[in-house]
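Chemist: Sequence:
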Amino acid sequence: MHADAGLRRPRRARTAACVAALSGYWLAASSVAAADLQAPLQLDIPAQSLGPSLNLLSQQARVQIVAPAASVASRPAPALRGLYSLQQALDRLLGDAALQYRLIGDGTLVLSPRDTPSLRSMPPVLARDRCEGAACGEPPAASDVPVQLQTISVFGAGEVRAANALLEPRFSNQVSGFAPQSFLNLLPGVDTQTTDPYGLYEFGTSVRIRGFAADQLAITLDGVPLEETADTRDDTPPNRYIDSENLERLQVAQGSADVDTPSFHALGGSLRYRSSDPLGVWHHNSSVSVGSDQARRVFARVDSAPLWSDGPIAMLSGSRLHAVQAQNPLATMSSHRAQFKAVQAFDTGRVTFGWLYGDRDDHDVGSYNFDGSANLVYAQRLSGDPARDARYYDYWRNGRTDHLLTLGTEWQLAPDTSLQLQPYIEFKRGYGVAGVTPEAASTAYGQALAGNPDRRDVQPPDDDRPSGRRESLSGERRGLTLNLQKGFGARHQLSLGGWLQHYDFSQRRPLYRMGADGQLYDDQPAVTLFYDRHVETQVYQLYAKDSIRLIDNLLTLQIGSKSLYVDRVASGYLNNAAFNAEQQQQRSKTDRDYLQPQIGLTWTIAAGREVFANYAENFSATPRLAFVSSSFNDHLKPETSSNIDLGLRITSDRTAVTLSMYHIDYRDRVLGLQLTDPDLVGVDTYDNVGAIRTLGMEAALYWNPMPRWRIGSTLSLNQSRFDTDYQSSDQQRGVYRVDSAGRNVPATPSRMMTVDLSWRHATTFAGADFKYTGPRYGDTLNQERVGGYALVNLNAGHSIDSRFGPRLSVQANLYNLLDRPYFGTIVPGEDRAVYNIGIGRSVYLMLGLSY
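Numbering (my numbering), first residue to last: 6 to 856.
Source of the hints: derived by calculation from the structure; they are not laboratory data.
Only a predicted model underlies this, so the values are computations on that prediction, with no experimental measurement involved.
Treat the hints with care, since some could be wrong.
What the hints assert, rightly or not - Cut-off 20 Å, straight-line C-alpha distance, at most; resulting in silico cross-link-like pairs (SDA-like, lysine to any residue):
| no. | residue 1 | residue 2 |
| --- | --- | --- |
| 1 | K642 | V675 |
| 2 | K491 | I564 |
| 3 | K594 | D670 |
| 4 | K491 | L418 |
| 5 | K642 | A582 |
| 6 | K491 | L555 |
| 7 | K642 | A696 |
| 8 | K594 | I649 |
| 9 | K776 | V797 |
| 10 | K491 | S566 |
| 11 | K594 | E541 |
| 12 | K491 | L547 |
| 13 | K776 | Y827 |
| 14 | K776 | G829 |
| 15 | K491 | P83 |
| 16 | K642 | Q601 |
| 17 | K642 | D598 |
| 18 | K642 | D673 |
| 19 | K491 | D421 |
| 20 | K594 | V574 |
| 21 | K491 | T422 |
| 22 | K594 | S568 |
| 23 | K642 | L600 |
| 24 | K594 | T542 |
| 25 | K642 | D670 |
As the list claims (entries may be wrong) - Restraint ranges, calculated between C-beta atoms of paired labels, are given here:
| no. | residue 1 | residue 2 | range |
| --- | --- | --- | --- |
| 26 | E444 | A746 | 36 to 42 Å |
| 27 | L410 | V307 | 15 to 21 Å |
| 28 | R325 | D639 | 45 to 51 Å |
| 29 | G810 | R756 | 49 to 55 Å |
| 30 | S635 | L822 | 43 to 49 Å |
| 31 | L823 | A521 | 35 to 41 Å |
| 32 | W764 | G810 | 23 to 29 Å |
Yeah, the Cβ is synthetic: ideal placement off N, Cα and C, and Gly gets one too.
Between the sequences and the hints, there should be enough to build the whole structure, so can you do that?
Modeler: This is the structure:
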């Protein structure tokens, strides 16, 4: 994964260490024999908490280290600078912690509570401070070495909730630039949908975990909360910023987000994306890929050694991606990304500066009805018919440009006290254009004149040409996260922290007349104004968490709580009705919940067996769109949920198994009741419409049947149903009752199953994965039942060392081998839904170079 920070190796050794290339630099670790524990290493690790220190040791020593997160997350660790053996480094970092380490598999070091029975089936302990010669035990013969499970998926050992972590080796098997959200698809309980492997069309990308959509999850990138909302124009999905080659770790909590996760809408679990740090040596990695739908992508990354003596290490990367739509080869999709990260170590901590940049442009992708007929499909040629030409593909475009700057600091205030502080700022700019039929434009113009026929800020549309709406948006987020950790001996840790954020977001959408060349007459009065609004959001979050280990470290008890205060103010022409009435408005609302408790435990009941349980209460503030709806409900209640997780983990040197059951009580659900018209912005309102109850079970098995082989399988069962009926309304029917009680929640599969097989030997790998997604309903009334489908994907790659030093790599990926047609993302409705078509058969080839 990483070469030694600050260490200059001979050319051949450095080349061997830098095994990255086209398939991503996938070396999460190299193997280590017992004798290697005494080999000298040049280390540069600042004083900080134990978790990050072990991560740096793993990078600089190039070994795989696996540890229970609960045991190392907040424990302080001293600085290490200079020459140390791996054993000396481990001893100094662990200090008086009641931890031991063992060498298993092909050289993975596993940390566990000292003298616990959970690892007695593993090879002999490399006992700290007393392991000499034969007492350490001989390393297993190569033929007996299993592939370590931990480089693929860590089942959250020591976590009090259902959790998984994906590491770099998993990412490198997929096409270079693969949407980070799609890596989740082989985990239990997760359903990810995209219109292409890159996730280029954000309106067609969705993530659901245990029935909760992305805007109901806590999602962070390098510790910074990402705005995932029901309005794609506002949110910031992770693939807008991060290239898959730069993704180091993806932590998933299916059940409930931890109290320290910054979010004001996390009713369900959490996704924590982490980008890789600079390698600490001069290193170059680049790749070129081509594939289906005219996909062309270039990626390059450069890592530096310390820029001066005791100076920072840095990395800079960039990528460019261009493709066309499978449905329309004239409609282009593009994405450009860049990332810079610099890390400066000090005697008592470290500072990390980060800059992430994303720029994308796309054409809207067609959507369909349940029967396969077109809902909104775009014409490839102009016809001269203004109603049809309003659907001309080049009139429907979107784009975003985003910058995210972070300054992470980690300080060791005392041997048992650490502080993490991270300010950040994000800038968003975007646009969207769409054609509007003459009939719809005339209707909108007439509505603008209804209240004042003499107004002069609007003009009539052309009857013989489409009109065009143009949206511009801008946003600025400034925030700060803080975490203070205090240890009270080896068995008691207290975490205190908070998060504050100020977010300004503006949108403007006028409708203009359009010229024969497709240009909008934006220097003239508009036909109407759908909205011109500004929303200001202020968030304060505080939390406390206490972790205690009892009964000889067999039982870990974790108790915590968080409080949230969310204040929102919306102003301007909030909607089209306000503009028609020539009435600017201001609406405000404060949501607060000062007590959201969580309690969890893990208990080692036998060798390699651990049970966990967790109860959490969660809160989601009133959504932004509710403030700008035509009818504002100032009595709207925040959504809440109560999540219960129970589970069992079983591990050995060749097998990892997890089984979890859960119950979710989702109350005061907020639903937007609106008209759906692609040409206009419908009359809408938001209301609390009852509750949803969810029961489910998830099981997963990972098995190394023989060296270099790995088999994984998961099964997920979910029953999410409405508890009550609710009232809805529209212009035609007025107020009416929706018979929703007992019906299934739309867009949520009742069952999912995955099987994946992988083989890796030296510089060659191959794999196949299969996923079955069960039936889903598109609508609340369960009239549109979408059948289940199965997808099969293949991947293979090989790397070779050239005579001149650089490493060359080639990789191939095949998605949807059987070319199975299916509906991917579902936009649910009350009695009908809108569907995007999923990924068809796609082939991608990549060539890479690293040195």
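Chemist: With a cut-off of 20 Å on the C-alpha distance, tell me whether K642 and Q601 pass.
Modeler: holds, 16 Å
Chemist: E444 and A746, beta-carbon distance inside 36 to 42 Å?
Modeler: The hinted range 36 to 42 Å holds for E444 and A746, with Cβ atoms some 39 Å apart.
Chemist: Take a look at whether the Cβ-Cβ distance between W764 and G810 falls inside 23 to 29 Å.
Modeler: For G810 against W764, whose Cβ atoms are near 28 Å apart, the range 23 to 29 Å holds.
Chemist: Does L600 lie within 20 Å of K642 when you go C-alpha to C-alpha?
Modeler: holds, 16 Å
Chemist: Is the Cα-Cα distance between K594 and S568 20 Å or less?
Modeler: holds, 17 Å
Chemist: When you check the alpha-carbon spacing of K642 and D598, does it fall within 20 Å?
Modeler: holds, 11 Å
Chemist: Please verify whether K594 and V574 have alpha carbons no more than 20 Å apart.
Modeler: Judged against 20 Å, a Cα distance of about 7 Å means the pair holds.
Chemist: K642 and V675: Cα distance at most 20 Å?
Modeler: holds, 8 Å
Chemist: Please verify whether K642 and A696 have alpha carbons no more than 20 Å apart.
Modeler: holds, 12 Å
Chemist: Taking 20 Å as the top limit, are the C-alpha atoms of K594 and T542 close enough?
Modeler: Holds, because 10 Å separates the two Cα atoms, which is no more than 20 Å.
Chemist: Does the alpha-carbon distance linking K776 and Y827 stay inside the 20 Å limit?
Modeler: Satisfied, since the Cα-Cα distance of roughly 13 Å is no more than 20 Å.
Chemist: With the threshold set at 20 Å, check whether the alpha-carbon distance from K491 to L547 stays at or below it.
Modeler: Given pair K491, L547 holds - Cα atoms ~16 Å apart, limit 20 Å.
Checked against the numbered hints above, the structure violates hints 3, 5, 8, 31; every other hint is satisfied.
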